[in-house]
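Based on the sequences and whatever the hints tell you, model everything.
The listed protein sequences derive, respectively, from chains A and B. Heads up: the first sequence begins at 1 in this note's numbering, then just goes up one per residue. Heads up: the second sequence begins at 299 in this note's numbering, then just goes up one per residue.
Careful: at least some of the hints might be erroneous.
[Claimed, not checked] In silico EDC-like pairs for lysine to aspartate or glutamate, Cα to Cα no more than 20 Å straight-line:
| # | chain 1 | residue 1 | chain 2 | residue 2 |
| --- | --- | --- | --- | --- |
| 1 | A | 201 | A | 167 |
| 2 | A | 212 | B | 401 |
| 3 | B | 413 | A | 204 |
| 4 | A | 99 | B | 401 |
| 5 | B | 413 | A | 30 |
| 6 | A | 42 | A | 30 |
[Unchecked claim] Just the calculated beta-carbon pair ranges, DEER-fashion:
| # | chain 1 | residue 1 | chain 2 | residue 2 | range |
| --- | --- | --- | --- | --- | --- |
| 7 | A | 258 | B | 407 | 53 to 59 Å |
| 8 | A | 7 | B | 350 | 29 to 35 Å |
| 9 | B | 380 | A | 258 | 18 to 24 Å |
In short, the hints are calculated from the structure, not lab data. Quick reminder that beta carbons are idealized off the backbone N, C-alpha and C, glycines included.
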Amino acid sequence: MKHGVAFRKFSRTSSHRMLMLRNLVTSLFEHEQIKTTLPKAKDTARLAEKIITLGKKGDLHAFKRAQQFLLQPQLVPKVFTTFAKRYSERPGGYTRIHKFGRRQGDNAPHAILELVDNPRDLRFEMTARAVGWELLGKRLDNDGPRKLAETGVKGVEDVVKQERTSESKGWDGELRPKTRWYLKKVLKYRGEEAVSDLAQKAEDHLDTLLAKPMAPKDVLEKSSKNALEEASEQTAETPYASLKSMRLRAGQTVPGGVRSALNLAQGDLGKTWMTGGRLRYLERRKLGVDKTPLWENP
Amino acid sequence: MAAIALQQSRMLWPSLRVPFSRPLLSAAALLPAFLPRSFEWRLPSLASVLELFPPFLLAVPKKKTSHSRKAMRSANKGLHDKRNLVHCPGCGSPKLAHNLCPECYSTINRAWKAKSKQGGGSGDDIPTIGTHD
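In C-alpha cells form, the structure reads like this:
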C-alpha cells in the first residue's frame, strides 16, 4: 500500500534517483523547456523551483548550495542573474507542466516542463494562436474569408489591450472567457513589449489561417489551369467553400464552427438534435442572420 | 548412453547391486512378531499416490471451450472509445482534453528551430550562460 507516501521512487536507488533529478533540473535550466514523463516532470518541477528560490535569495550561502546541486557550474550564474530578475515579482510557481499525450513504445504519459516566461513560452504561443483563431471567427461574415483576406483583420492589438483590462468573465467580449483568462495570466508579470509581441503572433496566425487554400479539391480536378488562376477566379461573394472540398480531417473545424470535436469525429454516428424542425448544427450561431447551411449534405 | 552407463555401473559395482526385495525381507525380520507380516514397506509409487487423491481434486477441463462460449466470455473486454476529445483553440483540429495540441506544438517548434538556424546565435536564443537581461 502507498497511503500518504509523499515521494516517488522511480524504481531507482536513492543516489541514482537524486542524480537523475539533478540532471533533469540542470537540463531544464540549460534549455528552459524539456520533454519527459509526467511523474518525472512533477518531481523535477518541485526541485527546480527550490533552486530558483535560492537564486532569488542571492547570498553566498545560497550560491554554494546551488553550486552543490547543479551539475554544470556555468549554469549557476544564470540562475542568480537571469532567472532571479525574471521571477523577481512572481511569488512562486516558476515552472509549468503541459501534458502531451503518451509515448509510442511504452505508453508512458508525456509532459513538457518549461520555465514560465521563457523566450519559448508555450502558453504564450498558444494564447496568441487562440486569440487569432477567435478573432477570425468573429470577423467572418456572410461574404466569407476571401474578402477578409484582401483587407486583413485590423485592430488585433487594441483587442488584446482591451481584453487584458476587462473585468468581464462572460461572453460579452471579443474572446472566450477562458482565452481572456489565459491572456491576463500570460501578460501579468511581463513588460509592455509582451503585449505587442502577442498581438503580432496572433496576427501572423490569423494571416496563416486566411491564406489556406479555399477549395483544394477543385484545384486538383482542373489540372490544366494552375493554382493561382484558379484561386483568383473566386470572387468576394463566394462564401466559405463546401466543407467537403476543404478536406478537413475527422473532428477538425473552421473558425466560427459550433459542433463539438467528438460530434464531428463520430461523423454520421454523432447525435444530432433538432430545434424547430431544423437540424441544430446547420445554424451558424455566431453569425446572426446567416442561415446558409454549413454542410452540403446533412 | 544411459543404458551403457547403467551396465557399466552394474559391472563396476556388482557387489553393491542390491535386489529390490532385500530391504523388504530385512524390514520384515525387524518387525515384532505380533504385527501382520502382510504389512509391506515400499517406496511410494505414483500409482499409489494417485489412489489417495480422488479424481475431482486433479482438475482438468472436460471439453474444449466452444468458440461461442469463448466469444461470450470476451464480450466485455473490448476497447473503449476516447470521449475526451476537444478542438484545439489555436488550429481547430481535434486533440486530447487537457493536453497540448500536437499540430500546434509541431508548428511552434519548427518555427523556433528555423529561426534559431537563421539567426545563428541571436539575442532570442537560449543562452547557456546568463548574459543578457
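Problem set entry | Hint numbers not upheld by this structure, sorted from lowest to highest | As far as the earlier hints go, 1, 7, 8 are violated by this structure, in ascending order.
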